[in-house]
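Asks: Each chain, letter by letter, is given below.
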Amino acid sequence: MTTPFAITLGVGSSLANKTGSWRVERPVYVDRHPPCNNACPAGEATQGWLYQAEEGNYEAAWRLIMASNPLPAIMGRACFHPCESACNRVQIDEAVGINAVERFLGDRAIDEGWTVPVSAPPSGKRVLVVGSGPAGLAAAYHLVLLGHEVVVYEAAPQCGGMLRYGIPQYRLPRAVVDAEIDRIAAMGVRFEVERRVENVADAMQRGAFDAAFVGIGAQRGKHPDIPSGDAAKVLDAVSMLHGVEEGALPALGRRVVIYGGGDTAMDAARTAQRLGAAETILVYRRTRDQMPAHDEEVCDAALEGVQMRWLSTVSRADGGRLLIETMVLNDQGLAEGTGHFEELEADSLVLALGQDTDLTLFDGDVAVDTTRGVVHVDDHQMTGHAGLFCGGDAAAGPSAERTVTAAVGDGARAAAAIDAWLAGVTLAPTVIPPLASADRLNPWYYADASRTLRPRLEAARRRSNFDEVVGGLTAEDALFEARRCMSCGNCFECDNCYGVCPDNAVIKLGPGQRYEFNLDYCKGCGICATECPCGAIDMVPEHH
Amino acid sequence: MLSERTPVRFYQVGSFAVGNRLVELERRSAQSDPRRANSLSSGHRACAGCGEALGARYALDAAMRATRGQLICVNSTGCLEVFSTPYPETSWRVAWLHSLFANAASVATGVAAGLRATGRDVVRVVAQGGDGGTADIGFGALSGMFERNDDVLFICYDNQGYMNTGVQRSSTTPGAARTATTQAVGPQPGNAFGQGKDVARLAMAHEIPYVATATVADLFDLESKVERAMSLHGARYLHVLVPCPLGWGTLSKDTIALARLAHETGIFPVFEAEYGEVTSSVPLRHRTAVEEYLRPQKRFAHLFDKSGAVTSPDVVARIQALADRNIRRYSLVPDEDQ
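Heads up: the sequence lines are chains A and B, in that order.
Count along the first sequence starting at 1, add 66, and that's the number in this note's numbering.
Count along the second sequence starting at 1, add 523, and that's the number in this note's numbering.
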């Protein structure tokens, strides 16, 4: 054997020693379901589009939102972001400002004129969509993408449903609503306004539609029986907000009482403030904690000077004054009357006590179950009448969350179901991996970074106009905010497993390709799983 | 130091994770590079979860990057030598030389002198060993290398004992730790307090150009220290804390977590010094009580009961006092008014 100078032994590599045989557990890469995705009623792949936004790929990020939700700029304003409530980053500092990033992407798309090409071949099927609110828009958008011919019938003079006639302009500027609806129209959806559907079965037959989606919302304010004198001015919040949008400003007087504790009550109260009410008082029968309104809305209302009277009910309305009964919580936490009354001066009373759906279009010979005023649908949003689907507030039970986002989700789900139904196939159920819970993270790796706040209009500047209250993020701030995402449960290629393995048993496959374990050498120590920042590695027992 | 490494922009995992797709290529760690040297290759016989194997690859890959592969490595006897080179195999992918337990520093001195004499001093020299080959058996040779200011970086991978021979005490074994030769029996169980050596401070006392400490829990810090060391000439010393699942009685998956706790508790201060003066230290991100570091380690099990409650508060307080002294001495909590 000849060896170089001073080398006395032949050298072999330790690669001959397959230390993988020592292993009793093996690491496995997994993908978990991120809590933000899980919480999104519209079914957005939130973490996925944040991942694109982190790299500044705003268009790719926007397209990923558009795969489920056609209204990102509207969502970025009107959504109550359950994704942020579920965000694991809360355990480190504060939730990622997902909603603000979504708005940034939605606005960027409008500025840049991005649109979604329809590439599916025409199916030859015609689908009717009744109502152009968020549910109808989402259904129409997804149906047209699937190659169907879509016609939307809208009863009002303009499209948008509650987006236009319910949510006040200071929360959702109409230019944004117009832009996102126009984009859907440009994709080939035909909108016919001032076209009220009296009977859906007739409309389907007359228009030769193969299927229909009804998303007519809950447009009628509830009027409970409150004894009122002739001079009392009582109106409901939905009609009031609708009137404001059509330029028919209601004469509310100086002192306005809003009765109710939901988001619509907040919208009505904040609108009254902007219409010049000197005093707006919100009356609610239970406590602050029990108010169904979202906290952000309640805080903004209070900031804008809306006064709140909890544990109070309106017993009687007369011209210029209301009789208010004080309530108390009983042992079960329910509000009950105390028999103690007081008078409250008020020029008008606005009722915001919930909304009903006008169900007359289902009258006649259709097998649609509408018990308790709600359209009952199956898991695929289909009613008892074959080919007739329904979603949004009209199909949401009284306990369900009635939000824009939930309506979009219904519309999207219904579109997929309609497509399957038209093709005569059944939708395969989607398999959702287990949740990426916070306890699987290794939070040490995430750099400390508190949330970027969106600019807000000063309270003093909100009184006499409907200017948008919440501003948008700059590109730099949006990038920062997107990068606060921890990518819970899904590999984001941080190279940590590749670096921390004492046995070089992780193979880096290159950008976008992630990694692979080299089980010839992996001793199963588990450091990669412990040190994975986002919890995307499981250790599973070996069975020798 | 930290402020130099903290990017102006925010990159999701900052510089804490090994790699980051959002960071420019040239600012990424040597370990994130798919073409890294892999100085210590697969197939070595270190225990599962070995901190020393990890630390050695981290340090030597960084040195290989800094010297563009122009590196000779001298190893003293110890775990690192035994598990990497059982005949006829070697795990080393660097020019590597082993002589005796005591003489790694002297051999490295000779290698550096030989390279200089033959006009090849572009080739740099690293000597490395465990705490036995550094603090105990090889200390005389090491002190001589420091004193002569020979052009060698000496790296000690400190796992706080003679681990591959059966976990005997070394002069870097901490107070109260149980080893085969310091059993957890008698009035003061485990290793005695007040003995042993702080080799980084001994190196500083030689006033050599560069002394630094690091752990396997902070890769960017370790790599930047190796790079800094390789940018200098003369005697340099790097002391890397490398947890040992076998000798410490810890789970193999927790090796990095323990190194992190050693830093975050103040038990192992991470700093650098030039010519005998401390020039920077890595502040604690989340200051942690020492018992969080001690509890997972079986060598400290006699300080706790089965439920994990402290049964020897005086001993834990004594260790906490040592950690607090480190925090003061190296300003590990910058805003704290000590």
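What the hints contain is simulated information worked out from the structure, not anything from laboratory work.
Please note that the accuracy of each hint is not assured.
[As the list claims (entries may be wrong)] Covered by chain B, per the in silico footprint, the following chain A stretches (three or more residues, Cβ under 8 Å):
# : region
1 : 77-88
2 : 242-253
3 : 321-332
4 : 370-382
5 : 509-516
[What the hints assert, rightly or not] Okay, the calculated bits of chain B under chain A, using three or more residues with CB under 8 Å as the criterion:
# : region
6 : 586-600
7 : 714-727
8 : 769-781
[To be verified] Derived contacts from chain B toward chain A, CB cut-off under 8 Å, selection only:
#  : residue
9  : Ala-540
10 : Arg-550
11 : Ser-552
12 : Ala-569
13 : Leu-577
14 : Ala-824
15 : Phe-827
16 : Gly-831
Note that beta-carbon positions come from the ideal geometry of N, C-alpha and C, so glycine has one too.
Asks: Okay, which hints does this one fail, numbers in order?
Replies: 2, 3, 4, 6, 7, 10, 14, 15 and 16
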